[in-house]
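Chemist: Fit chains Z, Y, S and L to the known structure of chain A by using the hints.
One-letter residues, chain by chain:
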Amino acid sequence: MKNTNGSNDVINKIIEVPKTIIEAPINLIKQLTPKIKKKNTSKIGLPPGSIVYLGERKVEKVTITLTEYDEKDCDQYEIKSVEEIDPFTDTPQVTWVSVCGLHETDFLKQIGEKFKVHPLVLEDILNTDTRPKIEITDDYLFIVMKLVLFNPEKKILETEQVSFILGRTFLFSFSEKTDDIFNPVKERITGQLGKIRKRGSDYLLYTLMDIVVDHYFFALEKVDERIELLDDEVINNTDKSQIENIYHLRNLLLMIRRSIWPSREIVSQLIKDESDLIHESTEPYLRDLYDHTIHINETIEQQREITNGLMEIYLSMMSNRMNEVMKVLTVIATIFIPLTFIVGIYGMNFPNMPEMSWPWAYFALWGVMIGLSVLMLYFFKKKKWF
Amino acid sequence: MKNTNGSNDVINKIIEVPKTIIEAPINLIKQLTPKIKKKNTSKIGLPPGSIVYLGERKVEKVTITLTEYDEKDCDQYEIKSVEEIDPFTDTPQVTWVSVCGLHETDFLKQIGEKFKVHPLVLEDILNTDTRPKIEITDDYLFIVMKLVLFNPEKKILETEQVSFILGRTFLFSFSEKTDDIFNPVKERITGQLGKIRKRGSDYLLYTLMDIVVDHYFFALEKVDERIELLDDEVINNTDKSQIENIYHLRNLLLMIRRSIWPSREIVSQLIKDESDLIHESTEPYLRDLYDHTIHINETIEQQREITNGLMEIYLSMMSNRMNEVMKVLTVIATIFIPLTFIVGIYGMNFPNMPEMSWPWAYFALWGVMIGLSVLMLYFFKKKKWF
Amino acid sequence: MKNTNGSNDVINKIIEVPKTIIEAPINLIKQLTPKIKKKNTSKIGLPPGSIVYLGERKVEKVTITLTEYDEKDCDQYEIKSVEEIDPFTDTPQVTWVSVCGLHETDFLKQIGEKFKVHPLVLEDILNTDTRPKIEITDDYLFIVMKLVLFNPEKKILETEQVSFILGRTFLFSFSEKTDDIFNPVKERITGQLGKIRKRGSDYLLYTLMDIVVDHYFFALEKVDERIELLDDEVINNTDKSQIENIYHLRNLLLMIRRSIWPSREIVSQLIKDESDLIHESTEPYLRDLYDHTIHINETIEQQREITNGLMEIYLSMMSNRMNEVMKVLTVIATIFIPLTFIVGIYGMNFPNMPEMSWPWAYFALWGVMIGLSVLMLYFFKKKKWF
Amino acid sequence: MKNTNGSNDVINKIIEVPKTIIEAPINLIKQLTPKIKKKNTSKIGLPPGSIVYLGERKVEKVTITLTEYDEKDCDQYEIKSVEEIDPFTDTPQVTWVSVCGLHETDFLKQIGEKFKVHPLVLEDILNTDTRPKIEITDDYLFIVMKLVLFNPEKKILETEQVSFILGRTFLFSFSEKTDDIFNPVKERITGQLGKIRKRGSDYLLYTLMDIVVDHYFFALEKVDERIELLDDEVINNTDKSQIENIYHLRNLLLMIRRSIWPSREIVSQLIKDESDLIHESTEPYLRDLYDHTIHINETIEQQREITNGLMEIYLSMMSNRMNEVMKVLTVIATIFIPLTFIVGIYGMNFPNMPEMSWPWAYFALWGVMIGLSVLMLYFFKKKKWF
Amino acid sequence: MKNTNGSNDVINKIIEVPKTIIEAPINLIKQLTPKIKKKNTSKIGLPPGSIVYLGERKVEKVTITLTEYDEKDCDQYEIKSVEEIDPFTDTPQVTWVSVCGLHETDFLKQIGEKFKVHPLVLEDILNTDTRPKIEITDDYLFIVMKLVLFNPEKKILETEQVSFILGRTFLFSFSEKTDDIFNPVKERITGQLGKIRKRGSDYLLYTLMDIVVDHYFFALEKVDERIELLDDEVINNTDKSQIENIYHLRNLLLMIRRSIWPSREIVSQLIKDESDLIHESTEPYLRDLYDHTIHINETIEQQREITNGLMEIYLSMMSNRMNEVMKVLTVIATIFIPLTFIVGIYGMNFPNMPEMSWPWAYFALWGVMIGLSVLMLYFFKKKKWF
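Chains as they are written, first to last, in the working numbering: chain A, 1 to 386; chain Z, 1001 to 1386; chain Y, 2001 to 2386; chain S, 3001 to 3386; chain L, 4001 to 4386.
Honestly, the hints are just simulated from the structure, not real lab data.
It is possible that part of the hints are untrue.
[Stated by the list, open to error] Taking lysine-lysine and the PhoX-like style, the derived pairs with C-alpha atoms no more than 20 Å apart in a straight line are:
id	chain 1	residue 1	chain 2	residue 2
1	Z	K1154	A	K116
2	S	K3272	L	K4382
3	L	K4381	S	K3240
4	A	K272	Z	K1198
5	Y	K2116	Z	K1240
6	A	K240	Z	K1384
7	Y	K2240	Z	K1240
8	S	K3240	L	K4382
9	Z	K1240	A	K240
10	Y	K2240	Z	K1384
11	S	K3240	A	K383
[Said to hold, decoys possible] Pairwise CB distance ranges, derived in the manner of DEER restraints:
id	chain 1	residue 1	chain 2	residue 2	range
12	Y	I2079	S	F3218	23 to 31 Å
13	Y	Y2378	Z	K1383	22 to 30 Å
14	L	N4237	S	E3274	36 to 44 Å
15	S	K3154	Z	K1272	53 to 61 Å
Heads up, the beta-carbon is just placed ideally off N, CA and C, and yes, glycines get one too.
Next up, chain A with everything else stripped away, as it sits in the complex:
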């Protein structure tokens, strides 16, 4: 017993992450589900398009970063109010306003008024339970996606909402927390790496979406690690806690699938879109992104099937173990029950038992009993019971 626990500890030390992932699902579900519901419930009766933030406050302060660039120049400012955006709105340069933290709704309202964004779009940005979606109008394109991030501190998978509003020369991105994941793009812009500086706001949108999708691969990799670990555990050493783990893993996959699944449709609609917001030269990139989303969805389905298989193998292993226990019981019981009967006979107090008077009777009895045991053991061996 010590041995097994010991080897378990070793495994856990080597692959520390997955162990905590498995605790994650419960937290995840507990965190996500009530949040989703409460929001919607508390909104019953509110007029549609109400601009109220319904999510959790994840950051202290709202940070708004404005990046303006074209092939030659590139500037980055931290801004406070919508007025500061004014000088950049009508320039041909690409203007990227990245809003991080959603609980100050005034800024959003001003953007809504200035850029004539529909109130329902603003409501969707603030409602962190919005289903991933795309809205295409003549003037702008609105996209909601879910980030699935691995939190290395809490060691759990977390979902977070990101929204984009794409205009001809500007892009707004909204996220609940610090947008570290978009930092590589900011660096590529300021550092003039890649072709991003030579291209428009639509290519910027593609680059950000590409990063979101890349993180899906990373999240599924974490799930994969856990599946492999569980796989080994179940086959080598079935125990009761594994069924819970498999069950929670399945629920986690259900949550992830729901967050990720619609992204395929979103990219597909971006490609089909005939407005002039998406340049023709960006299309090959979007098609590539589309292939990635298909790949992701196939991976999720495959993981779900493997997890279902794990459940079946777990149940079968349980049943195997049961069989083993039964066999031991049966072997012991069927050998000793007849023997006990025999010794019981000669414990009887009848005065005229002829065997009693035979001097070698006791030893003969031992012979009979040993012979019987050997016969039975042979029978069980033949039946392959041990």
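Modeler: For chains Z, Y, S and L alone, coordinates are given in the frame of chain A:
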């Protein structure tokens, strides 16, 4: 045992609602299913379009409320007969006639004649078993939806039928019971809150449908609470009643799905509709509503999958428990059966048993028996049987 | 035992019908399946379009009723030969020829020649195994449907084939047995009830199809009653016969689904049909009928899912019961096996067993054994084994 | 035991065929699967369109029958070479060349050259593993179908490939073995039965395809017989061999489905085809054939569902039987284990056991033991354990 | 026991390959999954279109073979740099450049620049985790496929990526390892076998894709062999390792399906493509290839269903075995437990047991006990417990 029940009680006090939900399904099914059938059966042979109320009489008195409003004015009357509607029919203001209680069919017949509504539409309004649907004609739009309401008194989920007839400047809404759920809208109209007063009857229809869909979220939240509770119960303390609960929960989800599922199609057809009954400016709101219906349907599917998972985990827990019982039996039996055999030997009455004459034989036997037991316990520990 | 059986009897007396339904499925399957096959087999090699009746002869004599009506007049005749139809063929009135009994094929052949009906249509009318279908030509419309009728004498569900040929002013209906189910329509025509007299042959077709579909609701209601009964039985008192019942119920649902499922497609094609055989004013009625067929199909699917759930709950109940048996065995065995060992010790005949000489040893032993039993019982209670 | 085997024998004698069908699946799979693979494997590297026969040689000699007919005349010849076809190619009469046996590829090559048939078509005719399919060109129509035949000698189901090439006035049919199944058509042509002589080559194609489809019904009937037999067996007398039979039946249904399924698509494409090879007057016949293929496919799906249900009922019966065994063990053990303990007590050798001195003690003990047994039996009866 | 192992060895010797396949899946999954993930993970943040090789280095040296041919001439060179291709680019002959080994990215970059290939295409060629796909532009056609090869040394199934770029007169093929599988094509070209020399680069593409698909058949054949072996094993001699094998086989099929499935879509799009890159005369070949891909996909689905069936039969066999064990235990225990009780009675030390004084009591007891055993054995025989 006291302990567990005690903690159960505590859980039940904290989350009192779900406990009663679980009793609800049976009532729900018993209430719904015979009602559905009897209606249809009793109608065999009746000519189509017969205007007979086939539902349960849920309210004593039929209440008809007429609300007329435009951006400037707003009036509300309680009316008795169709004649009282006359002065409002040809005005440009929006007229909302909300009928609550369906067992007085005369009023409906008069409306049918006055507004040239097809007899089958009237039949559908009265038949509380109509499948949610939409009928689009040149003059009006007819929608049937199912409300899924949580009854806080009986603490069960109830379904109720709501129908809408939308004309250019009027909207009829029909419900079986008091339409409290539409009160917030009435207040918004009279209190001049939101943009509802600035918009037409189609926006009013959207607002009412939005409330119906919001209540779906609320109902699913109740189901979710129950799933979580069952989840904990099954994992911590499997017992026989849970399988019934899971089974009834699944059937409840089947009922809910059937009531809710078609709403997606209804909203989709409203968006596609090319008649002039729906203004272009209402379309973004309908698209938003459409996203909500998809969200709802996905949630139902997810809950169904989680419930199926619960069933599997329940069965596995049962089997685990069985294994545990078997292991205890096997350990006790396999230890004592050989020992009983041994003591049986020396209970035999053979005169010439050499061991009998050894003075330390009895104590040696104890040693042998204790040694054997320890060996066996070691073997069982190694097999991880306890 | 008496008690339970007794309550079963009470249930059976109250709901006598479903009990017999459950015996029905087997009969149904036995009746249907060989019939279907033999027909098709015996036809291998026959030229296509052979007009041979392949069904069972269900009535002694073929009855042909001709009803002619328009808004003013209405006549009904019993006819023998096709010649008698002649005077009615070219009149503007609606002529309904209802043929009951299919084994006299001459009449059918004459109709085929007179009304230029395709030989394959005639073959389909006679082959009572035809899949429900619709054939649309320029001159007539041909529909095959399956009636699912509850036979109150044999107390089983029976399927029967009905075919319709719709022309501009005439309708032929063919059924295997007495068409009592169409009698309400005949009464409505002669009694001038409803709008049927004001409308054409297409409305008559709709009315008859509506009755066929209404009987589907009735059949499913019977199935529903049985499901509810089984539901109660399985949960309260699992026994071996229920698994058979569930299995046969599932097969019955498979048979019913197959008979009913295509009707949705048939009605859908009737609505889409652009020939002038269906008046525009009949369309709302057909759309209503279409909704009913969807409703029916959804109900079947739901019943199938509930039945599958029943199977699972049955298996789980079986397994629960097994657990209970195992627990009793384990409790009894684990208490008495050690005790038997103890008394075995003092049944040994060693001369120098020190305990033997202690005067209070026997009573002390009783104390030890009672203490041990109490300890074990406490352990089992804690494990919640009883 | 003799009894049961005996009744099994009786069943087998009555329905001898199905018993052998059940042995068939294994043979079928063994025959089909390696054949399929080897062919494909051995072809890796061969240029596409290689005209090599890859199937099994099923007949000694290739037989080629040429039948030429129109409404007036009809001739039938046995031919050896393609040259003999020459005089018939340009006549308006229908020419049917029926080739039986595929291992002489020269004839096929000559046909390919003469009638400009694509080499891939010739390859497909010879590759007896071709998936059923249809190829439509301007000049000819190429169809591959699978026959599923019941071999009455070996008593197994066999698949065989049939191919058709339809031109304007000619039809080639290719089969692996003697085409007895097409003999009725030959007789109808020579005997001037039915309308076949009045119609073109497309009607001839329809007639042959109709026969192929009719044999599907026959094959499924054989499967049905087996399902019914297994059904009875499983419910009445579950034993170990049945699970194998169910498993093989399922695999057989998989094989059959794969052979039959594509035929629906083939007929559907024939109907949609707009080339002039298919006359308009043949279309109703093809639609009828299409309905048959749907019927067949539905039957297969139904049989698959019933077979899955059989599997479940088998497993449940096994588990029932297990329960029964357990109950007997538990009843016997729980009654006798306490009694054995009691008699053990009075086998102890303590000198001062007060009960020993009571004269009626032995008889009282019997009373106690009998009372205990009765109590326990009552308890078990109440629990319905026997 | 020796016997069984012995026969297992014999089986393994005869069919040595499958045994190793079964060990393959684990390796396969272990090899594939981390590779896939690491690549994608390490790419997060990299600008799209980065030309970095992310796969495993499978060959030491990159080999580039250039083959140029038309109907008359044919030359083959081994080249080092892109410049060497120059003389062949504008000739009407077909130029096939086959690149084997992907880790030297410079060559690829030069090809990209010279032939104006999109950077994302180059990225896809190097990323060996690309999902099989097709990209169609005006100038070239880009295809990625997965080879599923049986490695005869390691005796496992391996996947490998092949990419094709098709221009009007040239074809580039890229593979990770030595392209032996394309050697037959090279031989056919140089040896002037088949019609390949008479046709264009599109026919060459078809030929290569045909070989890739042919290898799918071969891989599935290997899977089939394993299924058959497992099938026999499970039915004849269920043991614990088989469940693992079935589970891994299922996961292997999931991996294979994912590699093979998209090939159907690729060929379908090739056929639909309206660019002039694919000649009309090649279309019949592509349609044939399309049929093969459908065939392959159907085979995979069938194998998956059979494997699922195997799982069920395995579980049922386990449960059968359990039953057998239980029966033996029950028979032995229920016969000897009552007998042990009886002998216990006469081991009691009551002074006044009347039976003790009867001289024939001992022998009578033997009679009673033998009678009881025979009765019980008869009862068990009747219940068919052995």
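Chemist: Each hint: holds or not?
Modeler: Verification of the hints:
no.	hint	in the structure
1	Z/K1154 to A/K116	48 Å, violated
2	S/K3272 to L/K4382	64 Å, violated
3	L/K4381 to S/K3240	17 Å, holds
4	A/K272 to Z/K1198	35 Å, violated
5	Y/K2116 to Z/K1240	67 Å, violated
6	A/K240 to Z/K1384	12 Å, holds
7	Y/K2240 to Z/K1240	19 Å, holds
8	S/K3240 to L/K4382	17 Å, holds
9	Z/K1240 to A/K240	19 Å, holds
10	Y/K2240 to Z/K1384	36 Å, violated
11	S/K3240 to A/K383	16 Å, holds
12	Y/I2079 to S/F3218: 23 to 31 Å	40 Å, violated
13	Y/Y2378 to Z/K1383: 22 to 30 Å	26 Å, holds
14	L/N4237 to S/E3274: 36 to 44 Å	59 Å, violated
15	S/K3154 to Z/K1272: 53 to 61 Å	59 Å, holds
The structure does not agree with the numbered hints 1, 2, 4, 5, 10, 12 and 14 stated previously, though it agrees with the rest.
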